[in-house]
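Could you put together the complete structure from these sequences and hints?
Taken in order, these protein sequences are the chains called A and B.
Be aware that the first sequence starts at 1, since it is given in the numbering used here, and climbs by one per residue.
Be aware that the second sequence starts at 230, since it is given in the numbering used here, and climbs by one per residue.
It is possible that some hints are incorrect.
[Said to hold, decoys possible] So the derived list for chain A, only partly shown, Cβ under 8 Å to chain B, looks like this:
(1) Arg-32
(2) Val-63
(3) Gln-74
(4) Pro-76
(5) His-77
(6) Gly-90
(7) Leu-93
[Stated by the list, open to error] Interface residues of chain A toward chain B, partial, derived using beta-carbon atoms under 10 Å:
(8) Arg-48
(9) Phe-73
(10) Arg-75
(11) Ala-99
(12) Ala-119
(13) His-121
(14) Ala-134
(15) Arg-137
(16) Val-203
[Said to hold, decoys possible] Derived coverage of chain B by chain A (criterion: at least 3 residues anywhere in the stretch with Cβ under 8 Å from a Cβ of chain A; other residues may be distant):
(17) 355-361
(18) 379-386
For the record, the hints were derived by calculation from the structure and aren't laboratory data.
Beta carbons are placed, not taken as given, at the ideal position from N, Cα and C, and that holds for glycine.
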Amino acid sequence: MTALFALQSVNVCFGRVPALSGCTLRIAAGDRLALIGANGSGKSTLLRTLHGLVAPAAGTVQVDANVRQALLFQRPHMLRASVLHNVALGLWLKGAPWALARAQALQALERLGLADLAARHARALSGGQQQRVALARAWALRPQVLLLDEPTASLDPAAKREVERLMAEFAQGGMTLVFSSHNLGQVKRLASRVVYLEHGRLVADLPTHDFFNGPLPAAAAQFLKGETG
Amino acid sequence: MNTFSDSARTALSLITSLDPAFAAIVARSLAVSGCACLIACSAGLLAGAWLGVARFRGRALVLALLNTALALPSVVVGLVVYLLLSRSGPLGFLGWLFSFKAMVLAQSVLVLPVVTALVRQVVGDAEAGHGEQFASLGARRFMRSLILLWDERYALLTVLMAAFGRAVSEVGAVMVVGGNIEGFTRVMTTAIALETSKGDLPLALALGMVLLGVVLLLNGAIALLRRWREQVDAPAAAQAALPAAPAASGAAP
Chain A
1 MTALFALQSV
11 NVCFGRVPAL
21 SGCTLRIAAG
31 DRLALIGANG
41 SGKSTLLRTL
51 HGLVAPAAGT
61 VQVDANVRQA
71 LLFQRPHMLR
81 ASVLHNVALG
91 LWLKGAPWAL
101 ARAQALQALE
111 RLGLADLAAR
121 HARALSGGQQ
131 QRVALARAWA
141 LRPQVLLLDE
151 PTASLDPAAK
161 REVERLMAEF
171 AQGGMTLVFS
181 SHNLGQVKRL
191 ASRVVYLEHG
201 RLVADLPTHD
211 FFNGPLPAAA
221 AQFLKGETG
Chain B
230 MNTFSDSART
240 ALSLITSLDP
250 AFAAIVARSL
260 AVSGCACLIA
270 CSAGLLAGAW
280 LGVARFRGRA
290 LVLALLNTAL
300 ALPSVVVGLV
310 VYLLLSRSGP
320 LGFLGWLFSF
330 KAMVLAQSVL
340 VLPVVTALVR
350 QVVGDAEAGH
360 GEQFASLGAR
370 RFMRSLILLW
380 DERYALLTVL
390 MAAFGRAVSE
400 VGAVMVVGGN
410 IEGFTRVMTT
420 AIALETSKGD
430 LPLALALGMV
440 LLGVVLLLNG
450 AIALLRRWRE
460 QVDAPAAAQA
470 ALPAAPAASG
480 AAP
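Here's what the structure looks like:
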C-alpha cells in the first residue's frame, strides 16, 4: 500500500537536545496509529514533524503531496471569538472566502453535534467542549489524515468518551488517525497499530493485538508493565 | 500648609469655572498626546506584532535596542527632534518647530518604542503559547502576527492606555520643541513647570489635578476593561494574561 507518510532515519533536535533519533516509520491510508511512551519520549515531536511544524535535522520526511491533514493539540487554543468564527478561521486560512468558510464551519459544527454552541464565546466553553470545537475545526478542513496529540488528556470521563466516539466515527469514515495517548484502554479501543517511543527512539511498531499480547522489546515490555501493573 | 490649602481651593474654582485659558491648555494637551498615540500606535502595533513572531539574524540586537529606547529621556527626544526640525536640520523645510505638529512628532517618537516593545512582548508570549496552532491551520508569520494582535486586543488596549499616560505626562520633549508659547504650544506639563517657577501655584496645582485626573481615568478604564474581559473569558481567566501596565502617575521629566 502507498504510504501517506514515510520517515527515514529522522533526527529532530531542539537546540542540542535530541527529541527524535533515527526514526523510521511508514503510515498508510486507513491506519489508526497510536503513539505511546513516557513524557518526553518524542510523541508530540513526531506528530509535529509529520505535520511539517518541525523540520528534521537529519533524515527524510516524505509526505504525499495530495494528502490533506490536520493536527489537534492537547490544549486547543480558542480565539476570543464565537465558536463559529473559531471553526471558520481554519477554512479561511486555507483560502475559502469568509462567507463560505462560515457556512462550512456551521456544517462542521452540525456534523459534530455542536450547532447549538455556534454563537457562544469559545473561551467560555468547558475544556471538553473546547476540545470538540477543535475537532470540528480540524474536521471542517476535510482532512484525510487527522493527527491528535493526547486528545483526551485532562478531560472528564464523559468528554473523553465523546471525543473517542468522534475519533472512532472519523476512522470508520476512512480517515487515517495518528494519535498519542497515555491511556492504554483508549489505545486498545481505537488503534490498529501501536508505536512505542523511548527517549526519541522508535522501539516497537506492532499491530495493536501483538503489542498487548505478543513478545515486546524489553523497554516496551517494562513500560507496559508499569502502566498496567 | 496654608499656601497649599489656599492654592488647592483656588485650583478647584479654576477647574469648576472652566476658565477658558485653562481649558484650552487641557484640550491642547489631550489633543497633542492623542494624536501622538494614534501615530505611534499605528506603527508600533504592526512593528511590535511583527517582531513578536519574526525570527531573523540580528533580532536579539534589535530587541536590545528597542528595550533601550524604552528608557529614552524625553528631553533627549526633544533635543533630537529639535535638531531635525531646526532651520538648518534635515526637516527644517517643514517649518514645524515650536508648533503643535512638532510636539506631536516628539511625543510620537517618545511613545513609539513603548508601544512597540509592549506589543512585541504580548504577541511574542502569545506566539510562544499557541502560535504553532495557527501555523498548523496554515497561517504564515505575518498572518499569525495579525491574528495574535487581534486575539490579544484587550491586553493591547492596556498597552495603548499606558502609552497615552506616558505621552500626556511628559514635559521635556514638548518643552524643547514646542517652546511653551502661551495660547499656542502651552500644554499641561509645560504650564505646570512655568507657573510653579513663577509662583502661580493655584494654576499649577489645578493643572496637576487635571493631569492626575486624566491618569486616574485611564487606570479606571483599564480596571473596568480587565474586569469585563475576565467575565467574558471566565474559564480562561486563570490562563496567563498581561498584567495591567499602570499608566504614568505624574509628569515625567
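Structure-based check of all given hints:
1. Arg-32: violated (21 Å)
2. Val-63: At about 14 Å, which exceeds the 8 Å cut-off, the nearest Cβ of chain B leaves the hint on Val-63/A violated.
3. Gln-74: This interface hint is violated because 11 Å lies over the 8 Å limit.
4. Pro-76: holds (7 Å)
5. His-77: Hint holds; His-77/A Cβ to chain B Cβ min 4 Å, cut 8 Å.
6. Gly-90: Holds, because the Cβ-Cβ distance from Gly-90/A to chain B comes to roughly 4 Å (cut-off 8 Å).
7. Leu-93: holds (4 Å)
8. Arg-48: This hint holds: Arg-48/A lies near chain B, its Cβ roughly 8 Å from the closest one there, short of 10 Å.
9. Phe-73: It holds, given that the least Cβ distance between Phe-73/A and chain B is near 6 Å, below 10 Å.
10. Arg-75: At 8 Å from the nearest chain B Cβ, Arg-75/A passes the 10 Å test, so the hint holds.
11. Ala-99: Since chain B brings no Cβ nearer than about 19 Å to Ala-99/A, farther than 10 Å, the hint is violated.
12. Ala-119: violated (14 Å)
13. His-121: Check passed: Cβ of His-121/A comes within 6 Å of chain B, closer than 10 Å.
14. Ala-134: At about 9 Å, which falls below the 10 Å cut-off, the nearest Cβ of chain B leaves the hint on Ala-134/A intact, so it holds.
15. Arg-137: holds (8 Å)
16. Val-203: This interface hint is violated because 27 Å lies over the 10 Å limit.
17. 355-361: holds (count 3)
18. 379-386: Contact hint for the stretch 379-386 of chain B vs chain A: holds, 4 residues under 8 Å.
The structure fails hints 1, 2, 3, 11, 12 and 16 (numbered hints given earlier, in ascending order).
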